[in-house]
Amino acid sequence: MPSPRYKNSKIEKTFVTALLVFGGIVVSIPFIWMILSSFKPANEVLSMPPTFLPSNPTIEHYVNLFTNMNFGIYLRNTLVIVFFSFVGLLFNGMAGYAFAKFNFKGKEPIFYMVLATMMIPAQVTMIPVYLILNQVGLTNTMAGIVLPGLAAAFSIFLFRQFMSTIPFDLIEAARLDGAGEFRIFFRLIIPIAKPVFAVQAILTFIGAWNSFLWPLIIASDQNLYTLSVGLALLQGQHSSNFGLQMAGAAFMVVPILIVFAFFQKYIIQGFTMSGLK
Amino acid sequence: MRYAYKNRHPYLFIAPALFILICFSILPIFVAFGISFTDINLRSLADWSRINFVGLDNYISLFTDQVFLISIYNTVFYVVIGVPLVIICSLGIALLLNYGKNKLYTMFRTVYYMPSITNIVAIAVIWGFLYNTHYGLFNYFLSLANIDAIPWLEQPTIAKLSLILLAVWKGIGINMIIFLAALQGIPREYYEAAEIDGANRWQMLRHITIPLLSFATFFVTITTLIGWLQFFEEPYVMTNGGPLDGTLSMALFIYRNGFQLSEMGYAAAGSFILFFVIIVVTLLQFKLRKAETEY
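Residue numbers (numbering that gives the first Met the number 0), protein chains in the order written: chain A, 0 to 276; chain B, 0 to 294.
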């Protein structure tokens, strides 16, 4: 028997679907326009009325990004940041595990302190963090860009939530078999916690790939710029070359959209799983 | 000592993350508070003897600084219009998406979520093009309907609204997912019972769905409010606070003073005012929520 909630009339269903499709198209316009414009030669981008599909498609803007705009270096820096953010992810996982599965002196207050850091706005810490890094000589270095972002309270919290569902018996059994604590974490806990690691890995990748403000503040040398800082620079220097700007934007956005399209199921599950509902 | 060694493992596990949080989140709070009472700037960084304790001077001058007052006005403008818009739009879309379960609905979930994961600079670049007065797509659409070109980013009030439009577009995704997760957690029996009692769609929405979403709404409201109070990247990349400081937010004011004008003590004082506002608004929200659930 169909449940009464699904006795929706055909008209209603068509209406809802039409509304969703219309909204979806409106929301996607910036992306569609970005991709289409990035393949248009400079004079066509600015033509009025605009062409929808590029009439003389070209990849000159994409080539230009790498030959004249240093996007190769920016890409390398961004990937370095992504790599280190994964190291940070491991730290967060370890901390989440300890908060979930160990009893130790000071556990509660330390955990609340960790949570409290979520409330601190970036604007308050950015000046002192800059001063601290300046004091230890890490401004304008990759270490200075990477270090402050390695730990994140929200990530530690999500790991703790997930890991508190792992049965104690399992860990006890491994201990009786003589496994060391770190061996237990790497060989037993990480494989069990794969789903939460996967979600966080994707979110971490997105966050690191998009990192903008901090690299902008700490890096004065162009060789340390990330893709988004490079893109902001490009916007300032080539403000009228919209084809080039759209190619730069597409180069930043499309990889994320691909990663997301593959893994969106896990991200959305992850949010449901994390007890946010 | 022996206790510490025997129970070293949990401490070893939390040590790396904790060390980083202490160095880059907790310690900086105290540093920021300290320097907000000094005149520290880029020049005095090299020579600490030039740093002077100025007491409350920074705070006093902030409230006579016309630019800071404008940034407060703009931030309030962003919050008052932006926050309700984000909540209504994301809830509306979540309700629509919750209507069906087939592939189409899953696909559109992705479509609506996409803006919120894309890079803010890329977004600013794309929207800058769409908003362009002469070559932009938006004014072209308007011209098709015989409407005069709108100076999207060239007039202070319109520019604020343009930035809000962009930020709402970007902000819907994540909040919609939270609402959707909450909607899927509502037991279907409630609706079946209501239907037997003869409730119509609107009544079900008002008396079942909305009340049961109260925690999600609360969560979304708090995070959105805090986010909009710190509104920074959109005005920074799109307009750099202009025209005539019309889009300058408090966060951008702090950044500008701290890193462009190198008046770090002054900026730190501004950041504490922002922090104070955020704490007050958050506590107020918790208080309101408590009053609401008690009836």
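For the record, the hints were derived by calculation from the structure and aren't laboratory data.
Some clues are possibly wrong.
Not close to chain B: a few residues of chain A, all C-beta gaps over 12 Å, as computed [stated by the list, open to error]: (1) 61; (2) 69; (3) 119; (4) 196; (5) 212.
Here are the simulated lysine-lysine pairs, DSSO-like style, with alpha carbons at most 30 Å apart [claimed, not checked]: (6) 9/A x 286/B; (7) 9/A x 5/B; (8) 264/A x 9/A; (9) 193/A x 289/B.
Positions of the beta carbon are idealized from the N, C-alpha and C atoms, including for glycine.
Would you check the hint for residue 193/A and residue 289/B, treating anything up to 30 Å between C-alpha atoms as holding? Judged against 30 Å, a Cα distance of about 37 Å means the pair is violated.
Assertion that residue 212/A lies farther than 12 Å from chain B (Cβ): violated, 7 Å
Given as non-interface: residue 61/A, which should sit over 12 Å from chain B by C-beta: holds, 14 Å
For residue 9/A and residue 5/B, compute the direct alpha-carbon distance and say whether it is at most 30 Å. Roughly 68 Å separates the two Cα atoms, so the pair is violated.
For residue 119/A, is the shortest CB-to-CB distance to chain B above 12 Å, so the non-interface label stands? violated, 6 Å
Take a quick look at residue 69/A and tell me if its Cβ sits farther than 12 Å from every Cβ on chain B, holds or violated. Residue 69/A clear of chain B: closest Cβ-Cβ about 15 Å, beyond 12 Å.
Keeping to a limit of 30 Å between CA atoms, is the pair of residue 264/A and residue 9/A held or broken? Answer holds: residue 264/A to residue 9/A is near 28 Å, not above 30 Å.
Proposed proximity, residue 286/B with residue 9/A (alpha carbon, max 30 Å): violated, 44 Å
So is residue 196/A really clear of chain B, every C-beta pair being over 12 Å apart? Given a closest Cβ separation of 15 Å, the condition holds.
Figure legend: structure checked against the earlier numbered hints; hints not met, in rising order: 3, 5, 6, 7, 9.
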